[in-house]
Amino acid sequence: MSTGSNIINDVWSILSFKAFMPDAGEPTLPLKSRITAPVGGLYIGPAQMTGCIIRPGRAGFTFSDIVKRPIDFSLKELHPEDFRTLFREKVGDLVVIVGGLTDVALKSNIRRQPEVGELIALSNQAQKLLGMNYAINHRYSLLHNPNHNQCFLAGTELAQLNALLDVIKRVNFRVVRLQSAFVCALDKVLDEEEVKLGRAFPLILDNGNAFFTKVGAQGTWEGWRYRAKVITSPEESALKVFINSLALNAQDNLLVVDLGSSYDYPIEKDLEGINYRRYEVASVGREYLPFYLSTFN
Amino acid sequence: MSITKEIAHDLRTVTTQPEDLAVLPAWAKVVPIVFYAAFVFCLLGLAYYTFNAKIYETRKEALNRVVRDYQDLLSQDKTTTSRLIEQRNAAVQIARWVDYSPMIQKVLVGIFAPLTSQVQINDLQLERKPGAQPEYTINLSFHASEEDIGFIIKKMRDSLAAYGWSLTTVSQAYQETVTSFQGYIQPIPSMMPFFSQYLPMYPDPNKSPAPAASTPAAATPNATGVPQ
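Here the protein sequences come in this chain order: H and S.
Each residue of the first sequence is one higher than the one before, counting from 245 in the working numbering.
Each residue of the second sequence is one higher than the one before, counting from 32 in the working numbering.
Derived by calculation from the structure, the hints in this document are not laboratory data.
These numbers come from a predicted model, not from an experiment.
Backbone N, C-alpha and C fix where the C-beta goes; we use that ideal spot for every residue, glycine too.
Just to be clear, a hint being listed does not mean it is correct.
What follows is a list of derived Cβ distance ranges for each label pair [what the hints assert, rightly or not]:
hint: 1; chain 1: S; residue 1: E88; chain 2: H; residue 2: D309; range: 54 to 60 Å
hint: 2; chain 1: H; residue 1: N493; chain 2: S; residue 2: A57; range: 51 to 57 Å
hint: 3; chain 1: H; residue 1: Y378; chain 2: S; residue 2: F66; range: 49 to 55 Å
hint: 4; chain 1: H; residue 1: Q357; chain 2: S; residue 2: L74; range: 51 to 57 Å
hint: 5; chain 1: S; residue 1: L55; chain 2: H; residue 2: R355; range: 31 to 37 Å
hint: 6; chain 1: H; residue 1: E516; chain 2: S; residue 2: L55; range: 56 to 62 Å
hint: 7; chain 1: S; residue 1: L55; chain 2: H; residue 2: N493; range: 32 to 38 Å
Let the hints inform the model, and build the full structure from the sequences given.
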């Protein structure tokens, strides 16, 4: 409830119970506590955008009405009409997941902050928090190792985000969450028990980009590999080359999180001879995985 | 208030401090709930009041109708009472007139005694004929059913006879439930001896003497009413 608004608005917000609900766009609160109506889900990368309807429920979120559309131009050339027809149901709020725009680095010199405090510091005082790791015109996310002094620093170029947000604003959508698909997938997969124990190594495929990290038996993150554009067409892929460069042993297992390549490339043929398991959720279809990962909290 | 894990990773600009989230506590939901409950209560009360008001309006209208009916009855009763008073006064006048006319008392009793309440008298005229001996012309107009007329006249005749008077019919007409009866009422000489406290009258020398009465009972008063 806003304290500066006039008394009629305050009374109405109490009578309509809005005063007891947090703002749907409040970033410091879990999504499930502030979303009460269906929202649109937008997963957008350099070559493709996907829309769906995300419905809150008692048991969690449900996902439906997926629409995929290729993008053969830069995000700066997006037009409002591109979004209007992406959702089969009228929605006012959007959960936006950007793919293929994030760079990542493993750091050990960034001090951990209390949870919400870190979110606020990354937004307002990123340079002070990150020090020499900070690059201008970037938005950052941090993934801390729970047991060791190391973290993944994920940076997304601000110009790309602003271009996207400008178009969304022109369509009169309100963004209630803006996340990097790669970051939320990495955060989830690093929390898997087999990964924490070093029995499986995560391999994340996001919009044709590939990320791999090796986890030691003690839970340490022992290096990482990132390669952009390993998948560039429905027929061509450098994924096999990328996997071979990882120098995996015969005992090593991969936990593959495929957020959907831009070209629906069948990754299984590049994973032949490799011990791997797809990260899948029984109650959620494979195409909805990015949306599922973005609604965890 | 904190996020359970730092997974939020929201790339938007975050300005809100958790303690700034001005969300009212859950217990304050009682305020709108009480408001809506009071609103519903008022609506139900209004509906109840409206429903009862219609019932009371109907009852009031019915009572007003009853009052109007009783007022009409009262008005009719006043009219009836007034008419009855007029009739009673008229009857008293007749009774007083009768009191001052002892001869006609028996005649009237003989006429009215057999009449029942079903017979409604419109007009009654009794006219005494000239002469010392009482003889009356009767003009009676009354309402009665046609089949009862003969019985009424017969009873009237019998009643008059019991008091010493004979009724002779001159004319009788019936038209639209109204019977017009004309007749003569004369004393029955054998039953009604006439006495006079005054001196006897002498026979008129210019007239021949009247024939003697045929019945022995008629010997007491003679035809002229002069006691012998």
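### Range hint compliance [Cβ, L55(S) to R355(H), 31 to 37 Å]
36 Å, holds
#### Entry: Cβ distance range 51 to 57 Å for Q357(H) and L74(S), holds or violated
Distance hint for Q357(H), L74(S) holds at roughly 54 Å.
### Task
Can you let me know if the beta-carbon spacing of Y378(H) and F66(S) is within 49 to 55 Å?
Between Y378(H) and F66(S), where Cβ atoms are some 51 Å apart, the hint holds.
### Task
Mind checking the hinted window 54 to 60 Å against the Cβ distance between E88(S) and D309(H)?
Since E88(S) and D309(H) have Cβ atoms about 58 Å apart, the given range 54 to 60 Å holds.
#### Entry: L55(S) paired with N493(H), Cβ distance criterion 32 to 38 Å
Violated, since L55(S) and N493(H) (Cβ atoms, about 58 Å apart) do not stay within the stated range.
### Message
If I claimed the Cβ atoms of N493(H) and A57(S) lie 51 to 57 Å apart, would that claim hold in this structure?
### Response
55 Å, holds
### Task
May I ask you to test the hint 56 to 62 Å on the CB atoms belonging to E516(H) and L55(S)?
59 Å, holds
Of the hints listed earlier, the one the structure fails to meet is number 7.
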